[in-house]
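2 protein chains.
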Amino acid sequence: MSERLTLSLDAMGGDNSPRIVVEGVNLVLKELPNVDYLLFGDEAQITPLLEEFPRVRERCQVRHTTDVVDNDMKPAVALRSARQSSMRLAINAVHDGEADGVVSAGNTGALMAIAKFVLKTLPGIKRPAIAGYFPTRNGDTVMLDLGANIECDADNLVQFAVMGEVFSRNVLGIVEPSIGILNVGAEGLKGNEAVKKAAAILENTDLPVKFYGFIEGNDIPIGTVDVVVTDGFTGNVALKTAEGTIKMVGFYLRQALMSSLLSRIGAILASFALKKLKFQFNPSRYNGAMFLGLNGICVKSHGGTDAYGFSHAIKVAVEMISDGLNDAIKEDFAHLSEHTEKELRAASG
Amino acid sequence: MSERLTLSLDAMGGDNSPRIVVEGVNLVLKELPNVDYLLFGDEAQITPLLEEFPRVRERCQVRHTTDVVDNDMKPAVALRSARQSSMRLAINAVHDGEADGVVSAGNTGALMAIAKFVLKTLPGIKRPAIAGYFPTRNGDTVMLDLGANIECDADNLVQFAVMGEVFSRNVLGIVEPSIGILNVGAEGLKGNEAVKKAAAILENTDLPVKFYGFIEGNDIPIGTVDVVVTDGFTGNVALKTAEGTIKMVGFYLRQALMSSLLSRIGAILASFALKKLKFQFNPSRYNGAMFLGLNGICVKSHGGTDAYGFSHAIKVAVEMISDGLNDAIKEDFAHLSEHTEKELRAASG
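Protein chains in written order, with my numbering: chain A, 6 to 354; chain B, 6 to 354.
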């Protein structure tokens with residue numbers, strides 16, 4: 006029933022590439038029967054893997070290049086010098102219409118810089134953002150920005166709110182997603198100028214956005230809102246703090262369950278439930294950060310992920326493409342940008 | 006053996022005051038036999054509680070006032086208008102030498118503003134910070150700032166590093182505490198100007214500070230460093246995100262253990278271990294945020310805490326007093342301020 010899609014993959018990005026890339030494709034072959042892949046990278050390394058997974062080979066085309074973007078390469082350097090890199094060529098394929106989206110587990114800063122340069126931002130959007138899923142008591146929440154924009158003004162935050170809203174509605178199917186701005190207190194008088202001004206704009210706007218107001222760090226895992234809006238510095242720290250905290254609790258839980266014979270027996274009896282819980286919080290299940298606001302679908306996989314995590318990033322990209330996310334953002338921004346600009350002018354004036 | 010100390014308590018701060026305050030004192034009567042208390046607040050509410058806990062009454066003096074600082078009062082307003090409030094009078098007692106330290110569960114912003122105005126900052130310190138404990142795999146880490154300074158420059162962050170180092174060494178007894186600056190990546194090229202400049206100062210300084218470098222959010226719960234330095238916005242969000250994440254994992258753990266008969270039996274067998282784990286992550290065990298850099302000891306208890314949590318905040322204040330923390334900070338700053346200023350001038354120039 007569904008049309009065929011093509012994803013371009015940076016086969017050389019990430020700690021265990023190109024293996025995780027090829028194995029990641031293998032894991033979703035059945036689930037995504039309508040997707041073909043362009044693999045950018047070193048043929049000498051990729052070909053033996055395709056021989057190992059012949060069914061993957063049928064759906065892949067290899068585009069040879071030996072140049073790669075290092076993890077410690079500055080974005081500006083990567084942009085200037087790595088024009089034949091697997092990352093750059095994979096992004097070019099989206100720009101040239103050969104692929105519908107790109108997935109890379111490489112250097113985040115370089116990926117964003119190159120994607121922004123090659124694909125450009127959607128009309129009306131000043132800065133693209135990195136969005137990701139956050140596990141909560143209420144299912145998953147979307148949070149943005151996760152690190153693309155270290156310093157943000159009110160204008161950026163309002164645009165993140167609108168992009169997050171469109172994402173939540175179109176990709177997650179939430180009818181009227183609620184938007185919260187991350188702050189150090191729920192009262193209006195707290196926080197920096199950017200969050201206060203962004204909240205004032207969203208409160209008084211006639212944009213069709215359901216603005217909840219300010220939320221605090223503990224509201225994220227509660228799932229108080231569907232979309233958490235914040236600057237890239239705070240968002241990155243919050244996400245990684247939560248990831249580390251989940252691991253720490255798991256560490257102490259294991260330690261507690263091993264502490265006596267009785268608790269060990271208890272752990273064996275509860276092992277099925279505990280395994281399910283462990284799977285629920287497996288970071289690979291949340292792998293795949295979405296670049297929003299670009300003229301093309303771009304998903305960043307965690308560099309240290311495994312094949313399962315990479316396969317999840319592939320699925321995220323396919324969802325974004327299938328739900329016509331960028332067209333929806335473009336359309337909404339066309340309607341909204343007038344409002345937004347008016348509000349921003351009013352707030353600045 | 007030990008000298009007698011006096012703590013002044015804002016008996017009206019917090020959601021369940023003055024009950025939690027009186028009951029909190031009751032919980033530490035035996036453990037802290039050398040501490041007396043000044044209770045500032047409404048006699049009509051406090052006296053019946055002291056009748057309920059006659060042993061607390063023997064160690065307390067009540068100073069009557071009916072004025073209180075509301076939770077939603079702006080700091081500047083509280084500073085100007087609430088001069089007869091329980092919070093203000095409790096802080097005054099420290100300034101007047103009647104008490105060795107103050108504990109309040111009231112409005113954080115007002116408490117910091119009044120404490121700063123009444124007690125003043127220690128010589129060489131531009132802005133006091135709020136520090137707190139963070140549970141990690143490696144025991145507890147100290148993190149600052151947790152919300153007193155929403156925007157920080159490199160100068161502030163360097164001072165936080167020095168105060169945190171002195172705290173960790175003197176109060177926690179860590180011989181050579183390592184200091185990390187919270188950032189969005191471990192590489193030097195990431196982050197905002199303030200963290201980059203602060204790191205450059207701490208790397209090149211001849212201050213006797215063991216600077217680890219940048220850490221990321223996930224390093225906090227790992228316990229990579231002994232002291233986490235960050236601005237008040239990020240620190241507040243990180244701490245609350247971690248608290249919320251611990252609760253969320255607990256929620257799903259309970260759900261998982263209740264999901265089948267077998268896992269329920271397992272949970273019963275492991276109940277002792279699980280209760281110990283629950284206690285380990287009880288937020289009351291971490292209650293008591295420390296104001297560092299003031300000319301007087303001031304501890305902020307969480308507003309929603311219970312008596313156990315308030316008693317923990319009392320213990321934190323007594324530790325800070327007993328270890329002569331402020332004298333240690335003053336002494337270190339006298340030695341260090343020359344260096345710091347030289348470094349800062351060099352970095353700015």
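Just so you know, these hints were derived from the structure itself, not from any lab.
Glycine is no exception: its CB is placed at the ideal position from the N, C-alpha and C atoms.
Check the hints yourself; a few may be wrong.
Here are some of the chain B residues that sit facing chain A, going by a computed Cβ distance under 7 Å [stated by the list, open to error]: (1) Gly152; (2) Gly178; (3) Val180; (4) Glu221; (5) Gly222; (6) Pro226; (7) Ala243; (8) Ala247; (9) Glu248; (10) Gly249.
Verification of the hints:
Given the 7 Å rule on beta carbons, the hint for B:Gly152 holds: about 5 Å separates it from the nearest Cβ of chain A. With 7 Å as the threshold, the beta carbon of B:Gly178 stays out of range of chain A, its nearest partner Cβ sitting at about 23 Å, so the hint is violated. The closest approach between the C-beta of B:Val180 and any C-beta of chain A is roughly 24 Å, which is over the 7 Å cut-off, so the hint fails. A hinted interface residue such as B:Glu221 counts as satisfied when its beta carbon comes closer than 7 Å to some beta carbon of chain A; here the least separation is about 5 Å, so the hint holds.
Look at B:Gly222: its Cβ gets to within about 3 Å of chain A, closer than 7 Å, so that hint holds up. This hint holds: B:Pro226 has a C-beta 4 Å from the nearest C-beta of chain A, less than the 7 Å allowed. Look at B:Ala243: its Cβ gets to within about 5 Å of chain A, closer than 7 Å, so that hint holds up. Contact between B:Ala247 and chain A, as hinted, is supported at the beta carbon level, the nearest pair being about 5 Å apart and thus within 7 Å.
Checking B:Glu248 against chain A: minimum C-beta separation of about 5 Å stays under 7 Å; hint holds. A hinted interface residue such as B:Gly249 counts as satisfied when its beta carbon comes closer than 7 Å to some beta carbon of chain A; here the least separation is about 3 Å, so the hint holds.
The structure fails hints 2 and 3 (numbered hints given earlier, in ascending order).
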